[in-house]
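Fit chain B to the supplied structure of chain A, relying on the hints for placement.
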Amino acid sequence: MEPIYLDNNATTRCDPAVVEAMLPFFTEHFGNASSIHAFGSEVGKALKKARGQVQALLGAEHDSEIIFTSCGTESDSTAILSALKAQPERNTVITTNVEHPAILTLCEWLEKEGYIVHKLKVDKKGRIDMDEYKSLLQDNVAIVSVMWANNETGTIFPVEEMAALASARGIMFHTDAVQAVGKIPIDLKNTKIDMLSLSGHKLHAPKGIGVLYLRRGCRFRPLLRGGHQERGRRAGTENSASIVGLGMACELAMNKMAIENSEVKRLRDKLEQGILSQITHCFPTGDVSNRLPNTSNIAFEYIEGEAILLLLNKMGIAASSGSACTSGSLEPSHVMRAMGIPYTAAHGTIRFSLSVYNTEAEVDRVIEAVPPIVAQLRKLSPYWTDKGPAANPEAAFAPTYA
Amino acid sequence: MWEYSDKVREHFFNPRNSGPLEEANGIGDVGSIQCGDALRLMLKVEPETEIILDAHFQTFGCGSAIASSSALTEMVKGLTLDEALKVSNQDIADFLDGLPPEKMHCSVMGREALQAAIANYRGEEWSDDHEEGALICKCFAIDAVMIEDVVNANNLNTVEEVTFYTKAGGGCAACHEGIEEILAKVKASRAGPGEVSPPPACPATPEAPKPPSKKLSIVEKIKVIEEVLASVRPMLQRDHGDVELADVQGKKIYVHLKGACSGCMMEAATLGGIQQKMIESLGELVQVLPSSHMPVEA
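Sequences listed follow chains A and B, in order.
Mapping to my numbering: the first sequence position 93 is 93, numbers consecutive.
Going from the second sequence to my numbering is simple: count from 1 and add 402.
So here's chain A without its partners, still in its complex pose (with noise of 0.2 Å):
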């Protein structure tokens, strides 16, 4: 039985062609690209190429403004603290409560330092109140940082009218691109978003390479100093295998690109149609009719998520979920509960994120495969009961704190 790997918003695989790129960076091409001799200056014209395809992917005006980092972390983490560095007057970040822990993490530390964190909230489909946004964006505001879309449901945010809004009270923008690079056309020349931060293993490009877009005349400082690698905006000897195999990987997205919001997007809607059909008490999470074309989030209620996660692996096919169990902590997803989903639906949450590799043939064995072993779950569930869900879950079943 051939394995299904449906999560393609937690890592991708390499692109054939990517690797095959990549390889004579290893060998014949393993010089320095600072060094003066003939086998620097070859891997010196790979990463130039390279920087211009990423270019060109993100639709920025020049190629310089492309800083290639280690991975979407190290942009974020970036992105902020240049902004707080650079403007010290300035001691306040607004972001989402939704945002991945790459920024949420980071921000908890920033109000552990003395600065002030404006955490924008969403409503029941994941989409924030741009009333609120404007409100907050005041003269003390150094950097808004919010996704383009949301890793675990595939909710798009306005970012370009945001940026837009920001930019027209002089506060720097950034975006957490992670999930949407590859997925939806960015052109960032006709945006006021001045710093984006994308990760090269989620468009089939390896782990261990990213990127920091970053506008020219947007004031900065570096996380990491030492050479003159990157203009002196990011030290350290260039990656350069992943670096040509990211620039191979972000023209091949170009080209993709359609696919991915045509084919991609009709199996996806057909799996998740599929699954919705066949399953009561369950549902579709974030905003459904504005989202990644190939995520498809969906609760399954009473049942808990890494339990799900565990039967379909035994049928050879990966997702992932929202439960405390598989996040590590004692609580579910922040997202769900952010969308004010209720526990008995948040431990239940399964991500099925798709990629152009996979085939109708796929989706339809996922289809199948489902329903029996949500049965199955539930009919160990001490929510549930062989008519259903019990009349009043949560009176039926009211342990003790445990």
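Hints listed in this document are in silico derivations from the structure and should not be mistaken for laboratory results.
Mixed in with the good hints there might be a few duds.
Covered stretches of chain A, going by a simulated chain B footprint (3 or more residues, C-beta under 8 Å) [what the hints assert, rightly or not]:
id: 1; segment: 183 to 195
id: 2; segment: 305 to 312
id: 3; segment: 373 to 382
Built from N, CA and C at the ideal position, the CB exists for glycine as well.
Same frame as chain A, but now just chain B:
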């Protein structure tokens, strides 16, 4: 993903005794939907003998919660209620060939469901005696509530002291920031609202050991040493270890570390903690050493 033992996987994929038990006469509902784990244990008890004839479970939870529930029902069937009450969470974990540290609470939930179900059968009120907080130290599975309690009870002030008392922080060091936050929180609450914070008992200048009213005889001294060892013994035994006095030579106290304590990566911390208590109790500076350090007799 977690590293589950084969036995955990087996009990999860093929749970025993699941679903309602019509003739149940003892039911225990425990857990928390917030944390994503909740369990209903149903027992059928023979009134004359108090033997558990049958046990079923219904569980909302992850793989190890379901496996722990299944294991528990298998373990208690055929036991008398008094025998069943002796089943500890460690027994459940051992039955399953171990659980990942983050998942030990699943076995705790099993034990508590058992207590609750037996109390329910006996018509008693069962109240939860265990509060669980966020897992702070993953190396030794110590949660925030435990650290806070120990910090409060012993007036601890540093990460090192917390490590001596709980082991938390003695492994990979990732939780030191978390422990510092708990220390700061407790310190703030000690001060109370509006009150002036009392000067912290700074670890660098501990209270000078009270001078003994008279010099202890060797017999009195050994008695005090044995008392100190007796006081730490339950803590060590909880971790399947033990300690015994080997010899006293002047200011050096040699002890045998036994069971899990012998060769444990926390040996130095354990000895350090014992030494601190010895110094306090004896009122003089002494050194506690493992028996392996005893000078070989000529």
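Going through the hints against the structure:
With 0 residues having a Cβ less than 8 Å from any Cβ of chain B, the segment 183 to 195 of chain A misses the three-residue criterion, and the hint is violated. For a cut-off of 8 Å, the count of residues in the segment 305 to 312 of chain A with a CB near a CB of chain B stands at 5, and the three-residue condition holds. With 4 residues bearing a CB less than 8 Å from a CB of chain B, the segment 373 to 382 of chain A meets the requirement of three and the coverage assertion stands.
Going through the hint list in order, the structure does not satisfy hint 1, though it satisfies all others.
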